[in-house]
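Enquirer: Residue strings, one per chain:
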Amino acid sequence: MANDAPTFRSLVTHFTDFLTVAIHTILYERNIYPRTSFLSARKYNFAVRQSRHPKVCEWINDAMAAVETEILKGTVERVAVVVYNQALKPTERYLFDLSRFPIVGAADADVPLERKAADGTTVSVLPVVDIEEQFRATMSKLANCGTVLRPPPVDGTFTVAIELKSDGQAPVSHPQPWMPVEAATRQGATELQSRRTHPLRAVVAGDLMFESWIEETPAAD
Amino acid sequence: MAQDYTEYLAINVLNEQQLVSYRSLSRALKVHSNLAKQMLYEFHRKQNAKKPGSVHATYLITGIRRAQSPAHTNGVHSQEDGDDTVMQSSPPLPSSFAPHHEEEAEEPVAVRSVLLVKEEHLEQAKATFDSVTGIHINSLQANGLSDVQSLTECNRKIVESYASEDPLQAWKQYGTIQNPNVKRRTQRKGPPPPARIAKDADAKMKPLAPTTKPTALEKQASKESKDSQESKPASKPSSAKATPEPSKKPAAVNRQGSDIFKSFAKGKTKPKKEDSQSSAEATAAATEPEDEAMGGFSEEEDDAEDGAADVDEVPKESEGKSKKEREADLQAMMDQEDEIMEDAAEAIPDKTAEEQDEGAIDKPDSQQAEEPAKDTVTMENGRRRGRRRVMKKKTVKDEDGYLVTKEEAAWESFSEDEPPPKKIEAAPAASTNKPAAGKKAAKAGQGNIMSFFSKK
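In order, the protein sequences belong to chains C and A.
Just so you know, we're using our numbering here: the first sequence kicks off at 10 and counts up by one.
Just so you know, we're using our numbering here: the second sequence kicks off at 1098 and counts up by one.
In case anyone wonders, no lab produced these hints; they're calculated from the structure.
Virtual Cβ for every residue (Gly too), placed ideally from N, Cα, C.
Take these hints with a grain of salt, some might be off.
Calculated cross-link-like contacts (lysine-lysine; reagent style DSSO-like; alpha-carbon spacing at most 27 Å) [said to hold, decoys possible]: (1) K1148(A) to K150(C); (2) K1491(A) to K1503(A); (3) K1254(A) to K150(C); (4) K150(C) to K1143(A); (5) K1254(A) to K52(C); (6) K1147(A) to K150(C).
Distance windows between CB atoms, simulated [as the list claims (entries may be wrong)]: (7) Q185(C) to A1224(A): 54 to 60 Å; (8) V1229(A) to E141(C): 39 to 45 Å; (9) R124(C) to Y1138(A): 45 to 51 Å; (10) L48(C) to L1219(A): 25 to 31 Å; (11) E141(C) to E1262(A): 22 to 28 Å; (12) P160(C) to K1280(A): 52 to 58 Å; (13) N1276(A) to M218(C): 46 to 52 Å; (14) R1282(A) to P186(C): 29 to 35 Å; (15) V1211(A) to P208(C): 33 to 39 Å; (16) K1269(A) to E141(C): 33 to 39 Å; (17) S1261(A) to T166(C): 44 to 50 Å.
With the Cβ distance kept under 8 Å, some of the chain C side facing chain A (calculated, not the full set) [stated by the list, open to error]: (18) E38; (19) S49; (20) A50; (21) N54; (22) F55; (23) A56; (24) S149.
Produce the complete structure using the sequences and hints provided.
Expert: Right under this line is the structure:
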C-alpha cells in the first residue's frame, strides 16, 4: 500500500483486496462451499469469513490478479461475481461498477497521484481510514445480503466476470485467463425488468470510487 | 423517553437496517442496560404485531444446561456453525468424558452456560437447558442475521464511539458490572530529571506535586471533560494548581505541537524563550519544557480543541519583538562564528527575559499554567508517559578542531508508573531534537547546531 504517495497501482490493489474478501464472503453467505470450510478472520477491523480450502483461495487470488491487470490497463467498466445454479444459469450477480476510477495510462501506473481541491489545497487521494470504514460498511451489508435475497441455489457455483468499456481491447493473450463471452447472452428487455436489484454501497474514499449492487435474476423455473 | 427509543430503533433497525444490540442502545440513549433490554423487547413485540417478521432478534439465555452426551457435546463444540455460541463458565463437564456406564452412577455436574441464539432457534435452545435463570434480547436486526459474527461490529462501534466516557463513572448509568474493590492507580512520583537551572520552578513544583496525588482520581476521571474548561480559566497559584495541572499538560502539549509548526512559520516566541539560560525565571523555566516537549507525542493528544486557544494567546503577545530578534539572530548565526554567536546569544536572553516579563504581566494565568506542567506527560491508566528533559553530554568538534563537550538537555520519552518529575528547569540550550533546529536561532550558543552553521 502507498505510504506517502498513493499511486494508481495502490488504488487498484486496495480494490482487489477488498474484492477478494467480498468473494469469500459471498461464498460463505450463499453456501457455495460448506460453511464449515470457512474460518473467521479479521479484515478492516471487521469479522469476515475466509475459505480454508487451498484451491479455492488459489483460484480467487489468480482471478484477482487477472482483474488487477485488466483494471491497470483501464479497460474495465464493471466486475461481476456471478452465482450460478446447478443448471449453470446465473441466479445472481454481485456487481462492482468501476467506471469512476481515475483514468490513468498504463505507463503511469506507478506515478504518485495528487489531487488539489478548487482552492488549491491538497486533498487526500487515498484516505486509508475512510477506505477502511467504507469497506467495513460494504462488507457488513454484503454479509447480511443473504437475508434479503432468495435462498441460494443448491449445489451452485460461481465465477468472476468483467465487462469492458466499449473502447477496450479484449484480453486475449497466450496464457488466456479470461474467456470471452458475448454480451448478447444477457437477458432480453422483459427479463431485465423483472430483475431485482439491491444496492449495496457506493464507496467514495478519495479517488477510490465505485458502486456495488446485487442483481437477482427473476425467479424462473 | 418512551418515544425516543421507538424512534431511535425505528430509524436504526428498520430504515438503516443496522444491528442494534442492547449495549449500543443503552449507550446511545444513556439508559441502564436492563432498561435497554426492555426497550428492545417492547419494540420487537410491537413491530412484529404490526407486521410479522419485520424485526428479528437474537437472545441471550443464561442457565444451567442439561448434561449432554459426550458425542453431542463434542458435536456442539466443533460445529462452528455460527448458530449457537456456547460459552461455559465452568470447566468442561467431567462426566462428558467419563465412560458411559458411569453416567447413571454419577451426579451430572451442572454447567452454567450463556447461549446466544437467533430467534428461530430459541425454543430449541431453551429445551437444552435444565433451568433458565435469565433470558433477554441481545440484539435486533431488520431482516434476520445470517452470520452471528456480525454482532461483533456492535461492540466495536461502542468502543469507538464511547471511548471517552470514563467507565468508573459511567457504570452506574449503564449498569455495567463493577467490582467494588477496583481503584484507579494513582500517580507515583518519578525520579526528577538531572539538575536544571530554574530554581523558582522547582520551588513551585514541589508543593504542586503532593497536591496532585489526592486529586489524581478525580482528575483522571474527568480529565478530558475538564481540560477544555480548565485550560481557559487556568490556575491561580494556590489551590487550583493541582487540577489545572493535567489540563495544562494537554494544553501545554498542544502548545508544543503547534509550536513546532509555528517555529517554521517564524515569529514564534517560544523558541526564543528557551534560550534564556541565566534569566532563570519561573516563567522562562516553565515555558521551555513546554516548548521542548515534542511533537509526535503531543500531537496525538487532543489535536486542536484545548490547545488551540491557549496556543494563540501567549505567542501573540510578544510576536512582534521576537520576529525581529529571530531574524537578527538568524543573520548573526549565519554570518558569524561560534564565539561571536555566543555573545549574540547572550544578548538575546536579556531581551527574551523582557518578553517573558511582559508575558508574565499580560497572562499570569497561562504562565502559571505552564509552570507545573511536567514536560508533556499524560496520565493514562496510572502510567506516566511522555517526554522529559534529560541532561546529555554531547561532544562536538569546534571549527578550530577542538572537541567541545557540552551538556545539554535532550528529550527522551519515558513511560513509568510514577508521577512525572516535578522539576522543570530552564534548559541552557534548546533541545536538539527539534527539526526546527535552524529556526532556534538564538540558542545560547551551545548546541551543535551552531557548529553546524559555522562550518558554512
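Enquirer: Tell me, which hint numbers fail for this structure?
Expert: Those not satisfied are hints 14, 20.
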